[in-house]
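Peer 1: Protein sequence lines correspond, in order, to chains A and B. Residues in the first sequence are numbered from 1 upward in steps of one, following the working numbering. Residues in the second sequence are numbered from 139 upward in steps of one, following the working numbering.
I should point out that these hints are in silico values taken from the structure, not numbers from a laboratory. Be careful, since some hints might not be right.
From the structure, some residues in chain B lie toward chain A, with a derived Cβ separation under 10 Å [stated by the list, open to error]:
| no. | residue |
| --- | --- |
| 1 | S165 |
| 2 | A226 |
| 3 | G322 |
Distance condition first, Cα-Cα at most 25 Å in a straight line; then the derived SDA-like pairs of lysine to any residue [unchecked claim]:
| no. | chain 1 | residue 1 | chain 2 | residue 2 |
| --- | --- | --- | --- | --- |
| 4 | A | K117 | B | V224 |
| 5 | A | K79 | A | K115 |
| 6 | A | K115 | A | M99 |
| 7 | B | K411 | A | T80 |
| 8 | A | K101 | B | G257 |
| 9 | B | K411 | B | L368 |
| 10 | A | K64 | B | G257 |
| 11 | A | K74 | B | R458 |
| 12 | B | K411 | A | S33 |
| 13 | A | K74 | B | G257 |
| 14 | B | K398 | B | K314 |
| 15 | A | K138 | B | L417 |
| 16 | B | K314 | A | K101 |
| 17 | A | K64 | A | K117 |
| 18 | A | K79 | B | F412 |
| 19 | A | K74 | A | Y87 |
| 20 | B | K398 | B | T427 |
| 21 | B | K221 | B | D342 |
| 22 | A | K133 | A | Y87 |
| 23 | A | K79 | B | V455 |
| 24 | A | K101 | B | T216 |
| 25 | A | K115 | A | L103 |
| 26 | A | K101 | B | R496 |
| 27 | A | K64 | A | Q85 |
Every residue, glycine too, gets a C-beta built ideally from N, C-alpha and C.
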Amino acid sequence: MKRTSILLGACSLFAAVVALPADFKVIANSSVSSSSISADELKDVFLLTKNSFGGGHAEPVLEKGGATHEAFVKSYLGKTDTALQTYYRSLVFTGKASMPKTLAADTEVVAYVAKTKGAIGYVSASAATEGVKTLEVK
Amino acid sequence: MHTKTRLFTLITVLCAASAGLHAQDLSNYTTFQVDGRTVQIHGFVSQGFLGSNDNNYLTTKSSDGSFAFTDFGVNISTQITDKFRVGAQFYDRNLGNLGNWHPQLDWAMGDYKFADWFGVRAGKVKTVLGLFNDTQDMEFLHTWAILPQSMYPLDLRASTIAHTGGDVYGNIRLKKFGDLSYTGYAGLQSFDKYGGYVYGLVNDGLTLRGLAAKQYGVDLRWNNLLPGLLFGVSYLHAPTSSVTATIQVAPTVIFPFGIKDQQNTAAYYGEYKFRNLTLDGEYRRQILTGTENVGPLPAILFGEDGRGGYASAAYRVSKRLELGTYHSRFYPLWPASQGAANHMFDTVATAKIDLVGRWDLKIEGHFMDGYGTYYSFRGFYPQDNPAGLKPRTNLLVIRTGWNF
């Protein structure tokens, strides 16, 4: 009985951990030729060390706070939102990068990604993503 | 107005202003389109208070309590093409007798990124040296109100802050072994006629006319060999620095004074972030060799071996509060480092409070031992302490800043 409880507990914990990425999906402009992106590439694009992907320029698009944003930043960038903003500002104020586009809601992110060549963003798993492609994260 | 009243008023006004500004999304006003291109404007401002027990610090009257610790900067940038970006930043400060509100071009450059692993920046470019050289002016990026002065002296910031020339840079992913960032640069060193070097020489009767120094350097940093771990090395070489000045040797006799030296600086650093904990450590060694010429007198050979470093720990207790401590040591003339006149040690405790929006408030205690040599030009100057320097200094720093 005790062993079963431990096993169930471990499974629940595992499910909780692996469920995080499923809370959102990564979307891209139709100009992005690839249908998948590696976790490392995704991290590099959002940390602004990689500005090309899928045969062209890559532009990250972020959400302004919220559960989807927190989950994405924690899962793929390994940072808190506070640490990410500090990181971006260290680049902006030394001239090494511009602040990436940040939008308030899923609908705004989808609309911007749909019209912007090379744009890559993330939205909640339940968001309608008409006009953009969904990238599989490997 | 009494110092305590002014301090209370300042904090109250800043807190109230921060709450008001938080209610607005400034990005609507600071990001706009010009001719189809997105232009961004960003800025920052900070105000500090310094209060010390005996010695006056950083050219302020800190022993009486001083608010002469203000700086601000503003930048503008735009992406011209997918690979080409331009931008510039102005910076201004008033720190005691330094800066004196004279604005400086902090950086201004074009940046062309050929590939993720290779890009070029040209113009006036911030110099990468150690963990924080290029971000040392932006208090909001750091836990500390004043960064460790063994590595990032506020009064000597111009000597390493930027170069006019160019960088090559890039990032190379090493798969399971993290990634490697590199920067190589060459150019002319910055010179600040309102900085601590000029101010310190005045006390020696020297009037600085100019400083010309080419510098070359490289920085390599290995990120995420383990999650959250960074370590790196920087090297800066200035083959020929030339200081030209004049010195009054008698009421009507002024001699030319010149220094020609060579500088070699090496820095080794590491950072580890685990959950809410950040650990940093740096070590730097600067070797100067050269000659001094005073009028017709024979040249005097000199050599200096300066060493410094610090270890720090910061812990984010909550969303709004971060606590930290560091211990910094600087030896201007290694190994002759015994006594207050040959070393500067600083033990620091800080509380950083993130107020609403992008406002922060830091309260920091410094417990300093020693004041360095007569030529250190790091915080303690004879002309600010005419009664002589005491071996120990306790300093309270309160600093608040905002950025957009």
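Peer 1: Run every hint past the structure and note whether it holds.
Peer 2: Verification of the supplied hints:
For S165 of chain B, the shortest C-beta to C-beta distance to chain A is roughly 7 Å, which falls under 10 Å, so the interface hint holds. A hinted interface residue such as A226 of chain B counts as satisfied when its beta carbon comes closer than 10 Å to some beta carbon of chain A; here the least separation is about 8 Å, so the hint holds. The beta carbon of G322 of chain B is not positioned within 10 Å of any beta carbon in chain A (closest approach about 15 Å), and the interface hint is therefore violated. About 21 Å separates the Cα atoms of K117 of chain A and V224 of chain B, which keeps this hinted pair within 25 Å; it holds.
Note on K79 of chain A and K115 of chain A: the hinted pairing is violated, with a Cα-Cα distance of about 29 Å set against a maximum of 25 Å. A distance of roughly 19 Å separates the Cα atoms of K115 of chain A and M99 of chain A; the hinted pair therefore holds under the 25 Å criterion. Only pairs whose Cα atoms come within 25 Å are accepted, and K411 of chain B paired with T80 of chain A is accepted, the gap being roughly 12 Å. Between the alpha carbons of K101 of chain A and G257 of chain B the distance comes to roughly 22 Å, so the proposed pair stays at or under 25 Å and holds.
As the CA atoms of K411 of chain B and L368 of chain B are separated by approximately 9 Å, the hinted pair is consistent with the 25 Å bound. With a C-alpha separation of about 29 Å, the suggested pairing of K64 of chain A with G257 of chain B is violated against the 25 Å cut-off. A threshold of 25 Å between alpha carbons decides the hint, and for K74 of chain A with R458 of chain B the separation of about 19 Å falls inside it, so the pair holds. Restraint check for K411 of chain B and S33 of chain A: not satisfied, since their Cα atoms lie roughly 36 Å apart, outside the 25 Å limit.
Restraint check for K74 of chain A and G257 of chain B: not satisfied, since their Cα atoms lie roughly 29 Å apart, outside the 25 Å limit. Proposed proximity of K398 of chain B and K314 of chain B is contradicted: the alpha carbons are some 47 Å apart, above 25 Å. The hinted pair formed by K138 of chain A and L417 of chain B fails the criterion: a straight-line CA distance of about 32 Å is larger than 25 Å. This hinted pair does not check out: K314 of chain B and K101 of chain A have alpha carbons roughly 29 Å apart, beyond 25 Å.
Annotation: proposed proximity of K64 of chain A to K117 of chain A holds, straight-line Cα distance about 21 Å (limit 25 Å). About 10 Å separates the Cα atoms of K79 of chain A and F412 of chain B, which keeps this hinted pair within 25 Å; it holds. As the CA atoms of K74 of chain A and Y87 of chain A are separated by approximately 14 Å, the hinted pair is consistent with the 25 Å bound. With a CA separation close to 8 Å, the supplied pair K398 of chain B and T427 of chain B stays within the 25 Å bound.
At most 25 Å may separate the alpha-carbon atoms for a hinted pair to count; K221 of chain B and D342 of chain B exceed this at roughly 50 Å. In summary, the hint linking K133 of chain A to Y87 of chain A is not supported, as the alpha carbons are separated by about 28 Å, beyond the 25 Å threshold. Distance restraint check for K79 of chain A and V455 of chain B: the Cα-Cα separation of roughly 16 Å lies within the 25 Å cut-off, and the hinted pair is therefore satisfied. This hinted pair checks out: K101 of chain A and T216 of chain B have alpha carbons roughly 13 Å apart, not beyond 25 Å.
Distance hint between K115 of chain A and L103 of chain A is fulfilled; the C-alpha atoms sit about 14 Å from each other, no more than 25 Å. At roughly 18 Å between alpha-carbon atoms, K101 of chain A and R496 of chain B fall within 25 Å of each other, so this suggested pair holds. With a CA separation close to 11 Å, the supplied pair K64 of chain A and Q85 of chain A stays within the 25 Å bound.
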